[in-house]
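Asks: Residue numbers (the working numbering), protein chains in the order written: chain A, 1 to 582; chain X, 1 to 338; chain Z, 1 to 332; chain G, 1 to 609.
Worth flagging that the hints you see were computed from the coordinates, not collected in a lab.
Hints are not guaranteed to be accurate.
30 Å max Cα-Cα, derived DSSO-like pairs, lysine-lysine [as the list claims (entries may be wrong)]:
#	chain 1	residue 1	chain 2	residue 2
1	X	Lys252	G	Lys148
2	A	Lys404	A	Lys442
3	Z	Lys241	G	Lys412
4	A	Lys176	X	Lys59
5	G	Lys500	Z	Lys241
6	A	Lys396	A	Lys442
7	A	Lys50	A	Lys135
8	A	Lys341	A	Lys390
9	A	Lys195	A	Lys126
10	A	Lys129	A	Lys195
11	A	Lys497	A	Lys514
12	Z	Lys241	G	Lys459
13	A	Lys172	A	Lys199
14	G	Lys132	Z	Lys241
15	G	Lys342	G	Lys412
16	A	Lys342	A	Lys390
17	A	Lys129	A	Lys98
18	G	Lys132	X	Lys252
19	X	Lys59	A	Lys172
20	A	Lys390	A	Lys442
21	A	Lys398	A	Lys341
22	G	Lys132	G	Lys119
23	A	Lys497	A	Lys172
24	X	Lys252	G	Lys75
25	A	Lys126	A	Lys94
26	A	Lys393	A	Lys341
27	A	Lys200	A	Lys514
28	A	Lys271	A	Lys125
29	G	Lys119	X	Lys252
30	A	Lys497	X	Lys59
31	A	Lys125	A	Lys94
32	A	Lys382	A	Lys396
33	A	Lys50	A	Lys94
Examples of chain Z residues toward chain G, derived with CB under 7 Å [unchecked claim]:
#	residue
34	Arg222
35	Glu223
36	Glu226
37	Ala227
38	Ser230
39	Leu231
40	Pro245
Think of the CB as a built atom: it goes at the ideal place given N, C-alpha and C, for glycine as much as any other residue.
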Amino acid sequence: MRKKWLGLAAAGTSVAMLLSACGGGGGNGEGGGDYSVDNSAISSIVDQSKEQGGTLKLAHSDQFDSLDPGNTYYAANWDFTRLYARTLVTYPQKPGDKGQEPIPDLATDLGEVSDDGLTWTYTLKKGLKFQDGSKITSEDVKYAIARSNFAPEVLNKGPNYFFQLLDAGDYKGPYKDDNLDNFTGVTTPDDRTIKFHLKKPFAEFDYLAAMPQTSPVPADADTGTQYQTNVVSTGPYKFESEWTPGQTLTLVRNEHYDPSTDPLTRNRPDKIQVQWKQEENDRDKRLINGDLHVDVAGLGVEASARQDILRNEDLRANADNPQTGFLLYFAINPNVEPFDKKACREAVLYGADKTAMQGAWGGTIAGDIATNMLPPSIKGYKPIDPYGTKGQKGSKKKVEAALKECGMPDGFSTNISYRSDRDKEKKTAEALQQALQQYGIKTDLKGYPAGTYTSEQAGSPEFVHREELGIIAYGWGADWPSGYGFLSQIMHGDSIKPAGNSNLSELDDPEVNKLLDESVQTEDPAARAEIYAEVNQLAMESATFLPYLNQKALLYRPEELSNVYFSEAYKMYDYSALGLEQ
Amino acid sequence: MIRYIFRRLAAGVVLLLVVTMVVFAIFFLVPRLAGIDSDGLAARYIGKSPSPEAIAAVKERLNLDEPITVQYWEFVSGLVMGQEYDSGTDIIHCDAPCFGYSFKTNTEVWPQLLERLPVTGSLAIGAAVIWLVAGVSIGVLSALRRGSLLDRAAMMTALAGVSLPIFFTGLVSLALLSYYWPIFPPGGSYTDFTENPLAWAHGLVLPWVTLAFLYAAMYARLTRAGMLDTMGEDFIRTARAKGLPERTVVTKHGLRAALTPIITIFGLDFGLMLGGAVLTESTFSLPGLGKFAVDAIRGSDLPVVLGVTMFTAVFVVIANLVVDVLYAWVDPRVRVGA
Amino acid sequence: MTAPLDVPGAAEEAQPEAVAQTGGTRDRGRSLGQIAWMRLRKDKVAMTGGAFVVLMALVALFAPLIVSLLGHPPNQWNREMIDPALGTPMGPMGGMSGEHLFGVEPVTGRDIFSRIVYGARISMLIGFLATLVSVVIGTFMGIIAGYFGGWVDALISRLMDIFLAFPLLLFAMALVGVLPDAAFGLQDNALRIAILVFIIGFFNWPYIGRIIRGQTLSLREREFVEASRSLGASNFYILRKELLPNLVAPILVYSTLLIPTNILFEAALSFLGVGVEPPTATWGGMLSEAVDYYDSAPNFMLAPGLAIFLTVLAFNLFGDGLRDALDPRTQS
Amino acid sequence: MTDPVVSVSDLRITFPTLEGRITAVNGISFDVPAGGAVGIVGESGSGKSATSLALMGLHRGTNAEVTGDITVVGKNLATATDGQVRNMRGNDIAMVFQDPMSSLHPQYTIGNQLIEAYKVHRPEASSADARKRAVESLDRVGIPNAAKRINSYPHEFSGGMRQRALIAMGLMCDPTVLLADEITTALDVTVQAQILDLLDDLRSDLGMSLILVSHDLAVVAGSVDEVLVMQNGDIVERGDVRRVLSSPEHPYTKSLLAAVPRVDVSRAQRRAQVRAERTQSAPRGLSAQAKKALKAKAARQAAAVEDESAQQRTGATAKPEKSAESAEQPLLSVRNARMRFKVRGGLLGRASDFYAVDDVSFDLHQGETLGIVGESGSGKSTLSRMITRLLTPTSGQIVFEGRDITRLPEYKLRPLRRDIQMIFQNPYSSLNPRVTIGDSIGAGLRVQGESNTKEIQRKVQELLERVGLEASHYNRFPHAFSGGQRQRIAIARALILRPKLVICDEPVSALDVSTQDQVLRLLDELQDDFDLTYIFVAHDLAVVRQVSDRVAVMRKGEVVELNDSDTVYEAPQHDYTRELLAAAPVLDPVEAKKHRAQRAELRRQSTAA
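Here chain A stands alone, though its shape is the one from the complex:
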């Protein structure tokens, strides 16, 4: 999954949950029963303790895209790298809303912006050392930015916001141009000062500084794509030995780490182990019986374990069911007939049975029904529902009216694309197909491999037009917890790309574009939130988005874990805080 989200406002969560529980209908129907889970790690830190020691055991059903902090785009990985790669800025170890407010980590303070908004300055703390005891300098941060954003021929897995924002001319990256002085996007007046020079103001720069890409990398230790096998630690743990991808990763204490420089307490266990490619059902079983402490991917347990947990009161007491900040939706492409007519798009919006789609993802535990394009945790969220129907099951009357208006009273045919290797998305597409069918809207399902979905099929407008993919299944999470971080990639006209496109609705509304551009130049967070609300409203009115689910995960925390809480910044347990009860 394209899990690239960070942070959101927790305040909205409970409200949204309530709302969708009512609006979602179907909820606690006849066979429902009481399956409510504990949820205490969402709002508080469970089992607080200062104890140290033990081995923290983590497992992943697949593997991280990379352990290189400069080459990764997974929230779980961003959460996890904080154990060995400290960044200029980070998020505090606090549950709820406060957990997504950036705080300085390597830097002494949050970024200092110049008056024109074009220069952001950070200063490193004193006494910071790499795992070999050598001093961390501003140059190392600059190098890290250069390699992670300006050398896509080598490292291309992470986001490239710095590349887009920094005023760096045509710098070719450190692998082609090893003179770092030519990289003018970042300057280092002294050993501790880092200045970022922007092309245009960007008010949310501190969120970027919290990305693992700002974790310093010593240039002489960089081995390009192979750096992930031996990352030079700046955090409390370091690699025990050179790591081979796929093999168990063991982190041990880094003796050159100085906790006094760290705003967080992230050194509780003695040792941390991560196993990869662990079969999901087995992973869940081990989680429940305590052989394993955390599912590091943070996506929650699978269907089988879900039933075990929900049916067992004792297990429910150790479970949380938070929203993941991930919004699931269908993009309706206005450049594919008959969706060039708004009324035809509306027919789909009115016809969708969102309870069925919720069911496809696994029911009420799997998510709350979404009615608009902002997740509830993002500031600026309002519970608007322009295309709401009774019980969210669709409205025959409204669909028929819309069909008549678009000149196709008997319905029409189109295609729904989805990622074939994602069972739930596949099921959802089938659910939509089922719902639309009764109104005469005939759809063919087109599955594509997730691996090429964004690059070749759904993410290629040319392909979408040619194959007439009218309705495209997708999901989105924010790269950082703000409206811009969430919305810009999926609805700004500038983000339409010939390949790797994520604006699947091909929305290019001047009004939306303008508002989004404005937002990042607005210093006041409250004003920004207003703008996001407005963008959301406009996007919904375009009738090119069919949001249906704010995804939730069923997380299980074994008894042995201490200091467990759900981080709103990463949308999973904060791995840096975890300890073990001895």
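Based on the hints, put chains X, Z and G in the right spot on chain A.
Replies: Quick look at chains X, Z and G alone, frame taken from chain A:
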């Protein structure tokens, strides 16, 4: 004999070459014929949202814009002589045999194949022992007691065995023996032999039995048919006429002749299995070669798929070779005949 | 998965005196086919298998009719049958009732009976067509290799070795994976089915090919071929009129035994997620979805599993019976 | 008189089949005296093999039902335990089987199999002793260089050597009785003679009793004292071999004896006899019309016989009525024909040349019969396939009716195929089991362009009747016919195109003696009726003599002697011909003994030289 081995070896090389052609065709030629351009093809080798720069780099690395013959040549020479990849700071030498380089995980495929081989090997060897012992002995008993209750029961079971999809048997056995009665560990548990031999065996019991059931059924049928044929041969009558005890007649004379053709089949099966018991490993989530390939296909990590496919083919070729030699050793007639 | 099947002596000589004596007057004037049919009819097990095969073929053929009479459309969701929190069917036995004979699927509430019935279509279609491909290629190559011998034989034999050495399942998965959604003028499920048929059929032909080659080799040595040639018959005439009639029996037997193998193969591919596209029901696909629910909805796993098992078993029973009936060695 | 070593009384053996129980042996009794030799003779299905298996107790564990008493060297097989029977096998009574290739385990060395036979009964013997004994035994049966050959595998031996090895295996434990079941059937005549001589030597040297089972009266004639003639499970005649052969009592024995082709009977005598018999009894199952035609023919033939016997007195042998024409162009002319095959082998697997037919030349005239006789591997079958152009000669010429057909391409050859036809050896493999006999016979017409189905059917049915079958058989499949009938069908197929030249490649060697006789008679009749020219290929000297005007003797691809048949048989020119004739089994036991002495002499000479 040496000449014979040499000839089979040469045949094995040819076989491998053809395998490379087919693999190459599947991964490079067929997609092109089906209308995918070189950019699209390159993108497949990178995975999630590839950048144009990365596509260009991969295109160059795989020679995707060269004529098809050049591409093939590079492909084969890469396998045989190794390849080089630019890590940014260094040149990574993927030494021969280079079974590819995953752009997705930035790792060489070869060490990963080696790493998974023990799992698949454990599965294959254990299962093979079970199925050979069970299949052959049941087959022999059935043949000797042809028409008896035992024969009929065994053959009905065998027929059921070859008709049961392995993934179904596996799932049912997991559901019963691991879930309802937690006698065996659940799917996905694999302990290395060197770590704890007991846990190793305990964890593999279900996969072994599941896999062995199918093959034992097949081999029981084959052995029975072979034994029936053999026991009707004139030389069996000769052996009896010599006054040999029935046991010697069956084991020394009957079994040896009946088992000889089974060697070939076994070699082929075993070779294929070493390349990954895809279904069993998937059903029990064993981290072996087969599961590796399935995961790679799901994750669109084509170099890995390609690597496993080639690797498997190598095993089959080796197994063929071993079988040929073994066959010549067991059956003196082959040496002259071939 | 597949092992070379043992070759029956379809071209074997009927033991001369045994026929003359025991064949007696009863068989006189009957063709070997008629004798085989008489023997087959006496084999109750094989006939039961055959009857089941026919039944499944009819089910596949009349799936829409059966479903309209007995069940719900295979792709229709019945959300009211599903517990919204757990995603599993409500009611005992996975929602089994007079309404839903085999219960309903978790999550979607689709009628399992209907999906089994429709799944039969895919299994039978691919099983048959793939076998047809194998048989056509295998017979052609086998007969050519066996009859002409020499370098033609050497070439084809090596080719068969090579094909047998291929990790078929991996190749099939890879090939399904690398092909786009539309290619060679086909689209979607038509393309998928065509690819599956092609792969399964194309990679399985050597099993038939080997048998046909072996039979042809031994037939070619029989004097009636020389006799035919000395009468002035062309190669084509000999292949068609002299050899082919003798190969019908093995072709028939091995086709019957290859179909279940191919059905299993299709199920395996669907199980691994590279089969026909959803929501089209396939047995293997259902089974793979049932993995997560084996404890809460065992019927979801058992129904397709048993469907595959029984169909394959029926084919095997029938094939075995057919082989015995056509095999002159099992005369007494 | 001592007790018999083998005593059988009221032996009855039945087998269950789909059609009910079949009785293979129907209450027979006989004794074999110590040191005596008994021959059991009968055609296939007579129950002789079932009897010999019963003597070994080899029916135990099968579904055959055996009643009656068998006593072998004092042990009653009916009451003996399995262990006792096992102990008896190979130790008291050893059996040597028919097909030496399939009777030896292909995957063990000869030595291994011999030693095993010894050690099972002498477990106390050391391996070295057993091995020594095996070498001795192989040496005893005449395997040269036995110490070395002991390590060979069966496939490395020739057929004769394999048979010797099998006998050697039987001798390992000095059995009291040696039971030899059809042991010479698969062998060439010279080898057969050697094996029979060996048995005779062994018997006199070791004092064994011998039971010799064979379908061939001539085989047993020189080797046994007493003979039992079996028919349909019964012993129809028994007695001293000389008595039975010289004055048989039972009609079956008589007919059997009459049917045996005799190497000392010339073609002219045979013809005269045959024609005389034909006029007396018109074949059954023929239409009145056909019978009438036959009568007329018989009259002509009778005249011819007289004619012939007249000529015989003058001493002329080749068909004299054609003598005028023989100066003319021959029907077939073979000149310096050679056929080369590449043989892979040797240390480096190089292909070496092997001439299957080497420089053969002869002429053949219209109406004549040329016999080609030779042992297996002599190239006679290759030669006949060259003439029919199923093979293309490597060099030399085949001229048919003045036209060189050596290298005619297949399409030009096709119309010519009408004129040259072939009758094959094995009636079971020469008929397509999946094609009705009507279609098989009619195929010739069809491939030659006839498309009128009715016409084809009519011609085929006519011919069916002519070869002694019924028109209504048209739609039956070959499996419904016996061997002799099938050979008639094969003959009909060859004749449907009305060929000029028919090559008969061992047409009767797969048939029982009596059937063989019938088929030979038919061929003879047809030659007259259709004015055929035959090339008759066979390994059996006697058969060849009966049908041939001239005979060519082949050996290793070469024709060593070619002459009119009486000359070849009565005054052979070549040593090899003489050797063959000496090896040919004869019915008269006295004569047979004489031949044996002659062979011993020949061998002694050759070893001395």
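Asks: Assess, step by step, whether the Cα of A:Lys50 is no farther than 30 Å from the Cα of A:Lys94, and give holds or violated.
Replies: Given pair A:Lys50, A:Lys94 holds - Cα atoms ~15 Å apart, limit 30 Å.
Asks: Hinted pair, alpha-carbon criterion (30 Å max): X:Lys252, G:Lys148. Please report holds or violated.
Replies: Holds: X:Lys252 and G:Lys148 sit about 24 Å apart, inside 30 Å.
Asks: Taken at face value, is the distance from the CA of A:Lys172 to the CA of A:Lys497 at most 30 Å?
Replies: holds (22 Å)
Asks: Regarding the pair G:Lys132 and Z:Lys241, is the alpha-carbon distance no greater than 30 Å?
Replies: violated (58 Å)
Asks: Using the nearest Cβ pair, does Z:Arg222 come within less than 7 Å of chain G?
Replies: Cβ of Z:Arg222 sits 4 Å from chain G, so the hint holds.
Asks: Between A:Lys172 and A:Lys199, is the straight-line Cα distance small enough, at 30 Å or below?
Replies: Within the cut-off at roughly 17 Å; holds.
Asks: Taking 30 Å as the top limit, are the C-alpha atoms of G:Lys132 and G:Lys119 close enough?
Replies: The given pair, whose Cα atoms are some 12 Å apart, holds under the 30 Å limit.
Asks: Given the hint that Z:Lys241 pairs with G:Lys459, test it: the Cα-Cα distance must not exceed 30 Å.
Replies: holds (20 Å)
Asks: Keeping to a limit of 30 Å between CA atoms, is the pair of A:Lys50 and A:Lys135 held or broken?
Replies: holds (29 Å)
Asks: Verify the proposed pairing of A:Lys125 with A:Lys94, using a straight-line Cα cut of 30 Å.
Replies: It holds: about 23 Å lies between the C-alpha atoms, which stays within 30 Å.
Asks: Starting from G:Lys342, check that the Cα of G:Lys412 is at most 30 Å away, please.
Replies: holds (27 Å)
Asks: For the pair supplied as a hint, Z:Lys241 and G:Lys412, is the alpha-carbon distance within the 30 Å limit?
Replies: holds (22 Å)
Violation of the numbered hints given earlier is confined to hint 14; every other hint is satisfied by the structure.
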